[in-house]
Amino acid sequence: MAELARNNAPQKSLRGNSFLLWIEAWKSFKKNKLAVVGLFIVIVFIFLALSAPYITPEGINDQKLADRLLPPSSEHWLGTDDFGRDILSRVIHGARISLWVGFVSVIGSIVVGCFLGILAGYYGRWVDTIISRFFDIMLAFPSILLAIAIVSVLGPSLRNALIAIAIINVPNFGRLIRSKVLSIKQEEYVTAAKAIGMRDRRILFFHILPNSMAPIIVQGTLAIATAIIEAAALGFLGLGAEPPAPEWGKMLADSKNYLVQAPWTMFFPGIAIMLTVLGFNLMGDGLRDALDPRMKN
Amino acid sequence: MKKKSLFLSLVFIFILGIALVGCSTSTTENPPEQGETNDNNEETNDDQNQQSEDSSSESTLVFGRGADSVDLDPALVTDGESIKVTLNIYDTLVKYGDLDTSIEPSLATDWTTSDDGLTYTFNLREGVKFHDGTDFNAEAVVYNFERWANGDKSSFYYYSSMFGGFKGDEGHVIQEVKAVDELTVEFTLSRPQAPFLQNVAMPPFGIASPTALEEYGESFTENPVGTGPFVFQEWKRNDRIVLVKNENYWMEGYPKLESVIFVSIPDNATRLNELIAGEIDIADGVSPNDNTRVEEESDLQLFVRPSMNVGYLGLTNTRPPFDNKLVRQALNHAVDKEGIIAAFYSGQAVPAKNPLPPVIAGYNDDIDPYPYDLERAKELLAEAGYADGFEMELWAMPVPRPYMPDGQKVAEVIQNSFAQIGVSAKIVSYEWATYLEKARNGEADAFLLGWTGDNGDADNFMYVLLDKDNIGSNNYAYYSNDQLHDILIDAQSNPDQAKREELYKQAQEIIHEDAPWIPLVHSTPILGGKNNIKDFFAHPTGSQSLTKVYFE
Numbered sequence: 001m002a003e004l005a006r007n008n009a010p011q012k013s014l015r016g017n018s019f020l021l022w023i024e025a026w027k028s029f030k031k032n033k034l035a036v037v038g039l040f041i042v043i044v045f046i047f048l049a050l051s052a053p054y055i056t057p058e059g060i061n062d063q064k065l066a067d068r069l070l071p072p073s074s075e076h077w078l079g080t081d082d083f084g085r086d087i088l089s090r091v092i093h094g095a096r097i098s099l100w101v102g103f104v105s106v107i108g109s110i111v112v113g114c115f116l117g118i119l120a121g122y123y124g125r126w127v128d129t130i131i132s133r134f135f136d137i138m139l140a141f142p143s144i145l146l147a148i149a150i151v152s153v154l155g156p157s158l159r160n161a162l163i164a165i166a167i168i169n170v171p172n173f174g175r176l177i178r179s180k181v182l183s184i185k186q187e188e189y190v191t192a193a194k195a196i197g198m199r200d201r202r203i204l205f206f207h208i209l210p211n212s213m214a215p216i217i218v219q220g221t222l223a224i225a226t227a228i229i230e231a232a233a234l235g236f237l238g239l240g241a242e243p244p245a246p247e248w249g250k251m252l253a254d255s256k257n258y259l260v261q262a263p264w265t266m267f268f269p270g271i272a273i274m275l276t277v278l279g280f281n282l283m284g285d286g287l288r289d290a291l292d293p294r295m296k297n
Numbered sequence: 001m002k003k004k005s006l007f008l009s010l011v012f013i014f015i016l017g018i019a020l021v022g023c024s025t026s027t028t029e030n031p032p033e034q035g036e037t038n039d040n041n042e043e044t045n046d047d048q049n050q051q052s053e054d055s056s057s058e059s060t061l062v063f064g065r066g067a068d069s070v071d072l073d074p075a076l077v078t079d080g081e082s083i084k085v086t087l088n089i090y091d092t093l094v095k096y097g098d099l100d101t102s103i104e105p106s107l108a109t110d111w112t113t114s115d116d117g118l119t120y121t122f123n124l125r126e127g128v129k130f131h132d133g134t135d136f137n138a139e140a141v142v143y144n145f146e147r148w149a150n151g152d153k154s155s156f157y158y159y160s161s162m163f164g165g166f167k168g169d170e171g172h173v174i175q176e177v178k179a180v181d182e183l184t185v186e187f188t189l190s191r192p193q194a195p196f197l198q199n200v201a202m203p204p205f206g207i208a209s210p211t212a213l214e215e216y217g218e219s220f221t222e223n224p225v226g227t228g229p230f231v232f233q234e235w236k237r238n239d240r241i242v243l244v245k246n247e248n249y250w251m252e253g254y255p256k257l258e259s260v261i262f263v264s265i266p267d268n269a270t271r272l273n274e275l276i277a278g279e280i281d282i283a284d285g286v287s288p289n290d291n292t293r294v295e296e297e298s299d300l301q302l303f304v305r306p307s308m309n310v311g312y313l314g315l316t317n318t319r320p321p322f323d324n325k326l327v328r329q330a331l332n333h334a335v336d337k338e339g340i341i342a343a344f345y346s347g348q349a350v351p352a353k354n355p356l357p358p359v360i361a362g363y364n365d366d367i368d369p370y371p372y373d374l375e376r377a378k379e380l381l382a383e384a385g386y387a388d389g390f391e392m393e394l395w396a397m398p399v400p401r402p403y404m405p406d407g408q409k410v411a412e413v414i415q416n417s418f419a420q421i422g423v424s425a426k427i428v429s430y431e432w433a434t435y436l437e438k439a440r441n442g443e444a445d446a447f448l449l450g451w452t453g454d455n456g457d458a459d460n461f462m463y464v465l466l467d468k469d470n471i472g473s474n475n476y477a478y479y480s481n482d483q484l485h486d487i488l489i490d491a492q493s494n495p496d497q498a499k500r501e502e503l504y505k506q507a508q509e510i511i512h513e514d515a516p517w518i519p520l521v522h523s524t525p526i527l528g529g530k531n532n533i534k535d536f537f538a539h540p541t542g543s544q545s546l547t548k549v550y551f552e
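Protein chains in written order, with the numbering used here: chain A, 1 to 297; chain B, 1 to 552.
A hint or two may mislead.
To be verified - With a cut-off of at most 25 Å between alpha-carbon atoms, the simulated DMTMM-like pairs for lysine to aspartate or glutamate come out as follows:
| no. | chain 1 | residue 1 | chain 2 | residue 2 |
| --- | --- | --- | --- | --- |
| 1 | A | Lys64 | B | Glu393 |
| 2 | B | Lys426 | A | Glu242 |
| 3 | B | Lys245 | B | Glu104 |
| 4 | A | Lys64 | B | Glu338 |
| 5 | B | Lys409 | A | Glu188 |
| 6 | A | Lys256 | B | Asp267 |
| 7 | A | Lys64 | B | Glu274 |
| 8 | B | Lys534 | B | Glu552 |
| 9 | A | Lys256 | B | Glu431 |
| 10 | A | Lys64 | B | Glu215 |
| 11 | A | Lys64 | B | Glu375 |
| 12 | B | Lys438 | A | Asp200 |
| 13 | B | Lys409 | B | Glu391 |
| 14 | A | Lys256 | B | Glu338 |
| 15 | B | Lys245 | B | Glu215 |
| 16 | B | Lys409 | A | Asp292 |
| 17 | B | Lys409 | A | Glu242 |
| 18 | A | Lys64 | B | Asp336 |
| 19 | B | Lys426 | B | Asp388 |
| 20 | A | Lys256 | B | Asp239 |
| 21 | B | Lys153 | B | Asp132 |
| 22 | B | Lys378 | A | Asp62 |
| 23 | B | Lys153 | B | Asp71 |
| 24 | B | Lys548 | B | Glu258 |
| 25 | B | Lys167 | B | Asp486 |
| 26 | B | Lys426 | A | Asp292 |
| 27 | A | Lys256 | B | Glu274 |
| 28 | A | Lys64 | B | Glu379 |
| 29 | B | Lys167 | B | Glu218 |
| 30 | A | Lys256 | B | Glu296 |
| 31 | B | Lys409 | A | Asp67 |
| 32 | A | Lys256 | B | Glu295 |
| 33 | B | Lys426 | A | Asp200 |
| 34 | B | Lys378 | B | Glu509 |
| 35 | A | Lys256 | B | Glu279 |
| 36 | B | Lys426 | B | Glu338 |
| 37 | A | Lys256 | B | Glu297 |
Stated by the list, open to error - Beta-carbon label-pair distances, calculated as ranges:
| no. | chain 1 | residue 1 | chain 2 | residue 2 | range |
| --- | --- | --- | --- | --- | --- |
| 38 | B | Pro320 | A | Asp200 | 50 to 60 Å |
| 39 | B | Ala382 | A | Leu50 | 51 to 61 Å |
| 40 | A | Asp200 | B | Gly422 | 50 to 60 Å |
FYI, nobody ran anything at the bench for these hints, they're computed from the structure. Just so we're clear, the structure is a prediction, and the values are computed from it rather than from any experiment. Even for Gly, the Cβ is constructed at its ideal location relative to N, Cα and C.
Chain A extracted, bound-state conformation (with noise of 0.2 Å):
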């Protein structure tokens, strides 16, 4: 019986059932406790990113000089910055930037990235040669190092923050799928449809491709969380959001002389750096472990 069960899984897969693959997947990851809050965490600030707008008590602009730095309470809850704006509008505001930024820039790695891997894991000999020492060079310059110059030369606002983001993730993403695409390639299945004389395009983006989405969606679900932390880096920085946009990293950056005096316009929006990263970073952790048919049981 056990031998039977066995034998059906990968047939499941080979006929392109895959909803039942996601709906075991989602078993699997409803069991790990810590994903569920990770998932939870994450919701709630998509939640509070798409009706920002009709929930935050206060306009994010609202500059009442005479109404700064007051510390929470009933009126303001998360207390005022130096500008004497509602810190909690601003938080709820952030959610929207960070989360774009997290998502857009992540996408766009994974479409150059899956791109370039493909290319690279399929063709082989030069030109796997020419993408994979290209990832290479990249990987050779710390990620954030290589963010900052990036944004030096295109000049600092948010969109190019989130290019330089994207860019940085490109190589990762690119390995990840040229590993995939390496070992797929020898699969029956990808012989199979050469031998039926399927064209490379057809074969790669309809065969290869869904097949090497798993270990994609983990890595991109981490990757929003670096992606969020590396923008609140060059927010703080000064290269990212421009004034007056509520960007996380900028709020903590621009309360830091602060910290002595009004430790609350410091402390919540760290607190939502905190919690995404740490929400998409257990979601992420869980999703490896559900998708992933090895760690099955």
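Here the structure of chain A is known, so what remains is to put chain B in place on it, guided by the hints.
This is chain B only, laid out in the frame that chain A set:
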């Protein structure tokens, strides 16, 4: 207090948490990064160790300030940070009092003025030597003034600002400088200049060694040689400048310090923390919010610099739409100066309505300031044809200045009120030297800047900052008004002080109407220092001689 520290430690734990989360992801994906982080940490530690070693000796003064010098040849610079250092390397013919701008002998022991105000004769001090061992004499004075007079605006800004241009220019004041004998110099002016002695006393006109000037050429600015109380030893860009005692200084028994180290610590809060930690002896530019922190520390004292400055938002008058007077007036209505002062100066400033501070003779107190009135601002914009507003760049200085402790924050307040009249401003900043250069080239729409008076005369604000002669040097706003020019030149040449004051008051009316700037504040800068520092005089010009300073 206890609650606060509990809260603080919580904050630290969470920040640590964030850092750790960051590390864990980067180690799995990108091992090289962690190595980099460790390297950085080590470097900072090294730096700190070095600093504590330096300040261990009680005859060394470590002066922490907001920015590094641009150049060490005082004739080349206009920024206060450069002058803070050069003032202690070079002497001028005459100098200011310890806490005011009265004239005292320095390299010249006495002087006479002819009745028509056109000839000044200086008798020089005997036996003074430059740091390189060469003699200071009348020839050296002539050499320096000739060097400046033959220069151009791209190098000697201050000379052109104070003496009406260069040799051959129509407005040039100094017709001839002549060495009568070894120790007598005679200046012949082309027209009387009332504040002439005040001008000559300014630190940019420190006398440099002619031998060294010829020897070093272009690199003189990194190898300064003067006659001053301290000798230049070392300059690490953006870090420190080390000066050591001039053993042969002409002032008997001075300087009292063995050496002075100027360190640049751009962040106000960090600088103050270094002072509290004992790493530095004096912290320049203490944030107004932090004055109570200095007072709370029993081993620190607060130095208050008498206010003689103006912080302003310059509008480049040649760039549309700022070439339109109505637009400039509209923007003048749209800045909440009181709010800015309450928030970012802790109230230690007064709102400005004129380009010169009230302490200066000739200040016109009858001017009605543009009130903070957004409706009026909108009306004026509509009248100028910009009812829907416009987009602009708003430049904010990257470093704290005495007249503006935090330019970025002030810019954000202005950005916010401009947004309410439909003007969308993008805040832009550059590295300090680049910022000044670009603004001077007229590349900014609007820029935050300020001025600390050099010699206590109205001329030093009005003519230097707003006359058409000074476009390309200190008139960053590119403001040009012929009528104003005539008044300012008249005021400069007129020996009658009462008449001069009247002329300056008239000039302020014209400037108020034309609104080339938005005058923001006149601040009272504060410094923090160790309690045992004696005879440190925070001079109103923003730069002080450290000759008399000693530790008790």
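Results for each hint:
1. A/Lys64 with B/Glu393: holds (23 Å)
2. B/Lys426 with A/Glu242: holds (8 Å)
3. B/Lys245 with B/Glu104: holds (22 Å)
4. A/Lys64 with B/Glu338: Holds - the C-alpha atoms of B/Glu338 and A/Lys64 are around 12 Å apart, at most 25 Å.
5. B/Lys409 with A/Glu188: violated (64 Å)
6. A/Lys256 with B/Asp267: Given that 25 Å is the threshold and the Cα spacing comes to 10 Å, the pair holds.
7. A/Lys64 with B/Glu274: violated (32 Å)
8. B/Lys534 with B/Glu552: holds (7 Å)
9. A/Lys256 with B/Glu431: Satisfied, since the Cα-Cα distance of roughly 21 Å is no more than 25 Å.
10. A/Lys64 with B/Glu215: violated (58 Å)
11. A/Lys64 with B/Glu375: holds (18 Å)
12. B/Lys438 with A/Asp200: violated (55 Å)
13. B/Lys409 with B/Glu391: Given that 25 Å is the threshold and the Cα spacing comes to 20 Å, the pair holds.
14. A/Lys256 with B/Glu338: holds (24 Å)
15. B/Lys245 with B/Glu215: holds (23 Å)
16. B/Lys409 with A/Asp292: violated (50 Å)
17. B/Lys409 with A/Glu242: holds (12 Å)
18. A/Lys64 with B/Asp336: Holds, at roughly 11 Å.
19. B/Lys426 with B/Asp388: holds (17 Å)
20. A/Lys256 with B/Asp239: holds (22 Å)
21. B/Lys153 with B/Asp132: Not OK: B/Lys153 and B/Asp132 at ~29 Å, beyond 25 Å, violated.
22. B/Lys378 with A/Asp62: holds (19 Å)
23. B/Lys153 with B/Asp71: holds (16 Å)
24. B/Lys548 with B/Glu258: holds (12 Å)
25. B/Lys167 with B/Asp486: Answer holds: B/Lys167 to B/Asp486 is near 20 Å, not above 25 Å.
26. B/Lys426 with A/Asp292: The hint is violated at about 48 Å.
27. A/Lys256 with B/Glu274: holds (15 Å)
28. A/Lys64 with B/Glu379: holds (24 Å)
29. B/Lys167 with B/Glu218: OK: B/Lys167 and B/Glu218 at ~21 Å, within 25 Å.
30. A/Lys256 with B/Glu296: This hinted pair holds, its Cα atoms lying about 21 Å apart.
31. B/Lys409 with A/Asp67: Given pair B/Lys409, A/Asp67 holds - Cα atoms ~15 Å apart, limit 25 Å.
32. A/Lys256 with B/Glu295: Holds. A/Lys256 to B/Glu295 sits at ~21 Å (cutoff 25 Å).
33. B/Lys426 with A/Asp200: Roughly 49 Å between the alpha carbons, so the hint for B/Lys426 and A/Asp200 is violated.
34. B/Lys378 with B/Glu509: holds (23 Å)
35. A/Lys256 with B/Glu279: Distance ~20 Å between A/Lys256 and B/Glu279 Cα, so the pair holds.
36. B/Lys426 with B/Glu338: holds (23 Å)
37. A/Lys256 with B/Glu297: holds (21 Å)
38. B/Pro320 with A/Asp200: 50 to 60 Å: The hinted range 50 to 60 Å holds for B/Pro320 and A/Asp200, with Cβ atoms some 57 Å apart.
39. B/Ala382 with A/Leu50: 51 to 61 Å: violated (38 Å)
40. A/Asp200 with B/Gly422: 50 to 60 Å: Holds - the Cβ-Cβ distance for A/Asp200 and B/Gly422, about 56 Å, lies within 50 to 60 Å.
In this structure, the hints that do not hold are numbers 5, 7, 10, 12, 16, 21, 26, 33, 39, in rising order.
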